[in-house]
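2 protein chains.
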Amino acid sequence: MDAKEYLMKASKELDGPIRQYIGDEEPSDLIAASRQYPYAGGKRMRPAMALAAAGAVGGDRMKAMPLAVAIEYIHNFTLVHDDFMDGDEQRRGMTTIHIAYNVPTAILAGDALFAKAFQIISGMDVPDSSMRNILKYVSQAVWDLARGQQMDINNERKIVSEEVYIETIRLKTSVLFAAAAAGGALAGGADERTVQAVHEYAMALGLGFQIFDDYLGIAGDPAKTGKSVGNDIRKGKCTVMVTHAIRNIKDPKVLEEFKSILGNADATDDQTARARSIMEDAGSIAYGRRLAKEKVDEAISKLSILPHSEEKDFMIALAKYAIDREV
Amino acid sequence: MDAKEYLMKASKELDGPIRQYIGDEEPSDLIAASRQYPYAGGKRMRPAMALAAAGAVGGDRMKAMPLAVAIEYIHNFTLVHDDFMDGDEQRRGMTTIHIAYNVPTAILAGDALFAKAFQIISGMDVPDSSMRNILKYVSQAVWDLARGQQMDINNERKIVSEEVYIETIRLKTSVLFAAAAAGGALAGGADERTVQAVHEYAMALGLGFQIFDDYLGIAGDPAKTGKSVGNDIRKGKCTVMVTHAIRNIKDPKVLEEFKSILGNADATDDQTARARSIMEDAGSIAYGRRLAKEKVDEAISKLSILPHSEEKDFMIALAKYAIDREV
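From first to last, the protein sequence lines are chains A and B. For what it's worth, this note's numbering labels the leading residue of the first sequence as 65, then goes sequentially. For what it's worth, this note's numbering labels the leading residue of the second sequence as 65, then goes sequentially.
Note that these hints are calculated values from the structure, not bench results. Keep in mind it's a predicted model, so treat the numbers as computed, not measured. Check before you lean on any hint, since a few could be wrong.
A pair holds if it fits inside one copy or across any two, identical chains being indistinguishable in the list.
As the list claims (entries may be wrong) - Lysine to any residue pairs mimicking SDA-like chemistry, simulated, CA-CA at most 25 Å apart: (1) 222 with 93; (2) 323 with 92; (3) 288 with 388; (4) 200 with 90; (5) 68 with 381; (6) 301 with 168; (7) 299 with 313; (8) 314 with 388; (9) 200 with 95; (10) 68 with 311; (11) 127 with 312; (12) 222 with 168; (13) 200 with 85; (14) 222 with 324; (15) 376 with 310; (16) 291 with 220; (17) 222 with 147; (18) 68 with 327; (19) 314 with 79; (20) 76 with 314; (21) 376 with 224; (22) 107 with 319; (23) 301 with 93; (24) 314 with 103; (25) 127 with 149.
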């Protein structure tokens with residue numbers, strides 16, 4: 065089974081449980097708003113990782129199902145809040161909550177999903193000590209997510225170091241992946257060393273995934289990614305490719321030209337194409353791809369502690385897929 | 065020691081611990097925004113109740129200190145989000161977060177406080193099984209808080225039944241009081257029956273507290289409460305006194321007059337005074353006070369299960385204070 069097939073299987077398995085925890089309570093508008101994103105699907109990579117980790121450590125995948133739902137609720141809670149902050153109008157083919165309902169309901173729907181996630185964790189059928197450790201990973205992840213989103217906002221249209229950028233995506237993307245994986249391993253009954261290895265796997269994978277996402281944003285086929293190649297350049301997103309370019313462009317005039325296009329919301333397609341070609345000449349796009357691959361290789365190496373299993377195969381395949389996709 | 069003295073003592077005890085859990089991390093703006101409300105003080109009734117409950121069941125009050133901080137963080141998280149939703153500009157003598165910083169930072173500061181609360185609970189020095197039960201109470205409370213706030217918004221300028229109003233204040237006020245008390249009792253090592261009794265005490269007390277708050281809003285001295293007597297009438301707040309009046313005004317013309325003033329944002333002081341006098345004639349203001357007292361008596365009766373202690377005395381005194389205050 066390749067990564068996509070496993071993801072689809074896990075997503076299907078999740079369809080029932082994800083509808084199980086939010087009952088028909090009052091007020092109905094808040095309940096409906098809370099359900100919209102999680103019920104609508106999405107890639108569901110994080111819950112798939114929780115289930116896989118439980119199996120890969122030799123445990124029962126289903127022991128991690130409540131955690132999988134909780135992690136997906138948390139991911140969706142951040143999407144609901146972020147969509148409002150970013151002014152996004154569409155998500156998963158539907159109008160975003162703050163527009164379909166209103167801003168207070170969007171904030172409360174996010175808060176409610178967040179609370180429900182911890183309620184679900186409190187009821188997990190695992191030893192109390194494992195539940196406590198799962199709670200530690202997940203609550204730390206949500207704290208970090210808030211920090212990451214604030215750093216992301218603060219970084220906008222600013223040139224930050226590669227170190228700051230990596231820290232931002234670590235907080236925004238990796239920590240929740242890692243909480244899903246470590247929590248799944250704990251639900252599967254893994255020992256501390258194995259939990260740690262799986263945590264490190266997912267942390268590195270999250271970085272590789274996001275760096276490759278940025279790579280696709282500049283080098284991918286817009287017809288497939290659905291993103292205009294110039295988007296990140298106009299937004300001035302300070303990816304590892306951009307910081308590499310700034311460090312490596314030799315000609316001061318070219319550097320000045322590059323910086324003048326970067327973050328210019330009104331840059332023409334010709335200008336963004338020029339910026340991209342400057343980055344290409346500086347080896348920055350290849351650098352981005354290489355760094356993503358390094359992170360993925362690091363992720364896979366952490367799994368050597370695990371015996372062979374279908375779930376381990378998926379975790380490896382998922383890591384490879386992270387840097388071998390067109391969308 | 066009377067209720068006020070105990071509250072002040074508990075608030076002082078909390079000053080150190082409340083500063084202990086949010087370290088100097090990045091980004092500094094989010095950290096500063098998260099700290100603003102909890103560091104600024106407030107009545108701190110919820111954490112005081114957590115500490116008192118732990119002592120009243122014969123346990124070590126200090127075992128409940130992390131929970132006390134977590135509950136206060138959760139209370140403050142809801143204040144940060146509510147202040148934005150309600151457009152409030154001042155809180156505890158300072159500019160509210162969404163204005164002092166900006167809206168995204170306010171939402172994230174709330175989310176961060178929320179996450180930190182659960183992180184703190186995960187580290188509590190209590191048996192794992194107690195920690196799990198504390199988590200159940202607290203996560204349920206936050207789910208209910210979101211529902212209560214949404215119901216409150218939905219009720220605005222609408223005439224709802226007393227039942228709906230009571231359910232709204234139960235969710236908005238009582239559940240977090242009750243989680244603080246039950247969680248404190250669990251941290252103090254109480255058995256299930258005692259935890260349940262303390263939970264019921266705080267649930268009833270929360271209702272009595274809020275109903276008396278509404279009573280003060282209409283019958284209190286504006287110079288002391290800081291609230292104009294006409295405020296709740298202009299907002300059309302559907303308190304138990306308002307629904308009582310609607311049920312009990314005999315003359316259809318007077319009822320029509322009352323309804324025309326209720327919820328009229330531009331009502332003159334003479335008009336709101338007239339509405340108040342109609343409520344007085346219908347026995348509605350006395351009814352509000354009576355209902356608050358009933359809830360408080362119910363709360364106190366639940367404590368009969370506890371042996372005598374200074375903490376039990378405080379819990380009784382707090383209940384009495386809830387309906388014997390001018391502000």
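Cross-check of the supplied hints:
1. 222 with 93: between (39 Å within a copy, 16 Å between copies)
2. 323 with 92: Classified as neither; 50 Å inside a copy, 27 Å across copies.
3. 288 with 388: within (14 Å within a copy, 68 Å between copies)
4. 200 with 90: Only across copies: residue 200 and residue 90 sit 20 Å apart there, 31 Å inside one copy, limit 25 Å.
5. 68 with 381: For residue 68 and residue 381, the Cα distance is within 25 Å only inside one copy (9 Å; across copies 62 Å).
6. 301 with 168: Classified as between: cross-chain Cα gap 19 Å, same-chain 29 Å, threshold 25 Å.
7. 299 with 313: within (20 Å within a copy, 62 Å between copies)
8. 314 with 388: For residue 314 and residue 388, neither the intra-copy (31 Å) nor the inter-copy (76 Å) Cα distance is at most 25 Å.
9. 200 with 95: Cα proximity of residue 200 and residue 95: across copies only (20 Å, versus 27 Å in one copy).
10. 68 with 311: neither (37 Å within a copy, 62 Å between copies)
11. 127 with 312: Cα proximity of residue 127 and residue 312: none, with 50 Å in one copy and 56 Å across.
12. 222 with 168: between (30 Å within a copy, 18 Å between copies)
13. 200 with 85: Answer is both: 22 Å inside a copy and 14 Å across each meet the 25 Å cutoff.
14. 222 with 324: within (12 Å within a copy, 55 Å between copies)
15. 376 with 310: This pair counts as neither: shortest intra-copy Cα distance 39 Å, inter-copy 66 Å.
16. 291 with 220: Result: close within a single copy only, 18 Å intra versus 42 Å inter.
17. 222 with 147: within (21 Å within a copy, 30 Å between copies)
18. 68 with 327: Neither: 35 Å inside a chain and 56 Å across chains, both beyond 25 Å.
19. 314 with 79: neither (53 Å within a copy, 55 Å between copies)
20. 76 with 314: neither (51 Å within a copy, 60 Å between copies)
21. 376 with 224: Classified as neither; 36 Å inside a copy, 56 Å across copies.
22. 107 with 319: neither (38 Å within a copy, 57 Å between copies)
23. 301 with 93: between (36 Å within a copy, 21 Å between copies)
24. 314 with 103: Neither. Shortest intra-copy (50 Å) and inter-copy (50 Å) distances fail the 25 Å Cα cut-off.
25. 127 with 149: neither (35 Å within a copy, 39 Å between copies)
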